[in-house]
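Participant: Now for the letters of each chain:
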Amino acid sequence: DAKTTQPTSMDCAEGRAANLPCNHSTISGNEYVYWYRQIHSQGPQYIIHGLKNNETNEMASLIITEDRKSSTLILPHATLRDTAVYYCIVRPATNFGNEKLTFGTGTRLTIIP
Amino acid sequence: DVKVTQSSRYLVKRTGEKVFLECVQDMDHENMFWYRQDPGLGLRLIYFSYDVKMKEKGDIPEGYSVSREKKERFSLILESASTNQTSMYLCASTYSGTGELFFGEGSRLTVL
Numbered sequence: 001d002a003k004t005t006q007p008t009s010m011d012c013a014e015g016r017a018a019n020l021p022c023n024h025s026t027i028s029g030n031e032y033v034y035w036y037r038q039i040h041s042q043g044p045q046y047i048i049h050g051l052k053n054n055e056t057n058e059m060a061s062l063i064i065t066e067d068r069k070s071s072t073l074i075l076p077h078a079t080l081r082d083t084a085v086y087y088c089i090v091r092p093a094t095n096f097g098n099e100k101l102t103f104g105t106g107t108r109l110t111i112i113p
Numbered sequence: 114d115v116k117v118t119q120s121s122r123y124l125v126k127r128t129g130e131k132v133f134l135e136c137v138q139d140m141d142h143e144n145m146f147w148y149r150q151d152p153g154l155g156l157r158l159i160y161f162s163y164d165v166k167m168k169e170k171g172d173i174p175e176g177y178s179v180s181r182e183k184k185e186r187f188s189l190i191l192e193s194a195s196t197n198q199t200s201m202y203l204c205a206s207t208y209s210g211t212g213e214l215f216f217g218e219g220s221r222l223t224v225l
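Protein chains in written order, with the numbering used here: chain A, 1 to 113; chain B, 114 to 225.
The shape of chain B in the complex, shown without the other chains:
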């Protein structure tokens, strides 16, 4: 089975801290994604990557950056966390040419 693993299920950080959310997939997928999910707003795409060192902005990239140095790993970075970035963050991956995304279990971030 495809496995997408997010490094932390729950994090609590303080305003202004730098936050790293890590995601690893074990199926050699080319494409990886970061979404955030908030009540009433559904899932919103932050960034995605279709190859190592490649990245594309999604719908809400402001305040975030990403890194993809290895094919299996896609990191989401909050340079200076703010309270409005309190959210559930979901990582996903897929092969090119398919819309079948595999999601991790999510990382719930609270910024105080």
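Pulled out of the complex, with its shape left as it was, chain A reads as follows:
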């Protein structure tokens, strides 16, 4: 499995954009990038995923570099409720019985009032 590297922790001021980087330099052509977050005392929550194009949904934007070796999750207007651990995960393309995701230790994002 391709591995990901994320900073251990980051701070961001409330109301500013939070940019969370992820390095996945060994990613293969058919592997997706997924992002999850885990708020304290809760299970992880899916945020967004992408293959090679940039993606946006109501929660965040995902920017994937052209060579696909890194990506950035953007929370456009961070609030205190965005304080969480954010996980960047690389997942192989769909194969029956191969749906498992490997989580690392993620980035602890703290939103500062």
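Warning: the hint list may mix true and false statements.
Claimed, not checked - In silico SDA-like cross-links for lysine to any residue, where the CA-CA straight-line distance does not exceed 25 Å:
#	chain 1	residue 1	chain 2	residue 2
1	B	116	A	57
2	B	170	B	155
3	B	116	A	47
4	A	3	B	170
5	A	3	B	116
As the list claims (entries may be wrong) - Pairwise CB distance ranges (calculated):
#	chain 1	residue 1	chain 2	residue 2	range
6	B	129	A	26	38 to 44 Å
7	A	42	B	126	22 to 28 Å
8	B	122	A	77	29 to 35 Å
9	A	57	B	186	29 to 35 Å
10	A	112	B	152	21 to 27 Å
11	B	118	A	81	45 to 51 Å
Keep in mind that the hints were calculated from the coordinates and are not lab data. For each residue, glycine too, the CB sits at the ideal point set by N, CA and C.
Based on the hints, put chain B in the right spot on chain A.
Facilitator: Coordinates of chain B only, in the frame set by chain A:
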């Protein structure tokens, strides 16, 4: 909304006891997972199942077994609990063909 329900939020057991952790999902998902989460180690996959009565070992299956007799229910079994199995246990489910996992709230197990 998808709901993944874990039977107990907090359990305290003694060394050597048999422990059952139950997980039920209500969205007819084919795939179900058990992870454990420990400080500094992130989430680690114990077992997963992609169909009824099917199971696959994850990264740390030693000391655990699982059961999936019905599609909606996935049980994690500790045959003889040990103190190093004190942890947060998280269940998740998803449809085949998607990496969007839905997690339960977790079960915090303490083995004394």
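Participant: Next, verify each hint and record whether it holds.
Facilitator: Status of each hint after checking the structure:
| no. | hint | result |
| --- | --- | --- |
| 1 | 116(B) - 57(A) | holds (22 Å) |
| 2 | 170(B) - 155(B) | holds (18 Å) |
| 3 | 116(B) - 47(A) | holds (17 Å) |
| 4 | 3(A) - 170(B) | holds (20 Å) |
| 5 | 3(A) - 116(B) | violated (30 Å) |
| 6 | 129(B) - 26(A): 38 to 44 Å | holds (43 Å) |
| 7 | 42(A) - 126(B): 22 to 28 Å | holds (23 Å) |
| 8 | 122(B) - 77(A): 29 to 35 Å | holds (32 Å) |
| 9 | 57(A) - 186(B): 29 to 35 Å | holds (31 Å) |
| 10 | 112(A) - 152(B): 21 to 27 Å | holds (23 Å) |
| 11 | 118(B) - 81(A): 45 to 51 Å | violated (23 Å) |
Violation of the numbered hints given earlier is confined to hints 5 and 11; the remaining hints are satisfied by the structure.
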